[in-house]
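My request is simple: use the sequences and hints to build the entire structure.
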Amino acid sequence: MEYLAIIFYFISIIILGYRLKTKEKKHFLISMSFVVIGSFITYIITPSLITILFLIACVLSFIGDLVMARVIRLTNNRIADGAIVFGTAHITYIYAFIRLGYGYLSPFYTISGILLAFIFYYIIGYNPSLKPIMKIVNYVYALLITMLLMSVISFNQLDNISIYIRLSSIMGIVLFMMSDGLIAYNEFKKKLDGVNEIIIPTYLFAQVLLQMVPVLIILV
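When we follow my numbering, the leftmost residue of the sequence shown carries the number 1, and every step to the right adds one.
Because the hints were derived from the structure by calculation, they are not lab data. A couple of the hints might just be wrong.
[What the hints assert, rightly or not] Listed next, the in silico BS3-like pairs over lysine-lysine satisfying Cα-Cα at most 25 Å (straight line):
id	residue 1	residue 2
1	Lys189	Lys131
2	Lys25	Lys190
3	Lys23	Lys191
4	Lys21	Lys131
5	Lys25	Lys131
6	Lys191	Lys25
7	Lys191	Lys26
8	Lys131	Lys190
9	Lys23	Lys135
10	Lys135	Lys189
11	Lys191	Lys135
12	Lys191	Lys131
13	Lys135	Lys190
[Unchecked claim] FRET-style restraints, in silico, Cβ to Cβ:
id	residue 1	residue 2	range
14	Leu20	Leu158	31 to 37 Å
15	Asn127	Ser162	40 to 46 Å
16	Ile170	Val195	19 to 25 Å
17	Ser129	Tyr95	32 to 38 Å
18	Tyr122	Pro47	23 to 29 Å
19	Ser129	Arg166	37 to 43 Å
20	Gly194	Pro47	38 to 44 Å
21	Lys190	Ile170	27 to 33 Å
All C-beta atoms, glycine included, are put in the ideal place defined by N, C-alpha and C.
As structure tokens, then:
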């Protein structure tokens, strides 16, 4: 039954390929909805704290997609709304990987995440013309994505993890950082031609790879 979730993730990638051809916004949202269904199936098959956390993170990410696509509106600031929703999803992912790992994030990884966030923020998200509140939002978001990176790295320090789980989690967070970095750079630094054709596949593959982690834990 666990393979059913993988089938839905595979379908989401097929739909993504169709979206890259049509460039229709709705096809990307349909593609992401299949990731949500796959995550839900994983929880139904093996209900646990970990699978519910991954499901919540996936659902929040999908809500963030709807906000960024202007399908739903929380306030008049789409970027801030998206940062809040996606940030909450990242917090959920962070907690999930910490629970999968040692149950805590060591001071070394915590400090490393904070320092890396400053670098990440100034390279891709800092713009002196932004309002102070948006500068804070951008840094906090950068902090969440780097802390997610640290939680994944910490999780991978465990000895009893298969190579497939390691690859899925590491490749997932790397693609996540690439996608978020391009979004931030495009919004706050410089507009890039055709950047959405890179952001969309990197983001969706990041979600699929991260959501595959609990599936692989069940299977391997």
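TODO: Go through the numbered hints given earlier and state which of them the structure violates, listing their numbers in rising order.
DONE: As far as the earlier hints go, 4, 5, 9 and 18 are violated by this structure, in ascending order.
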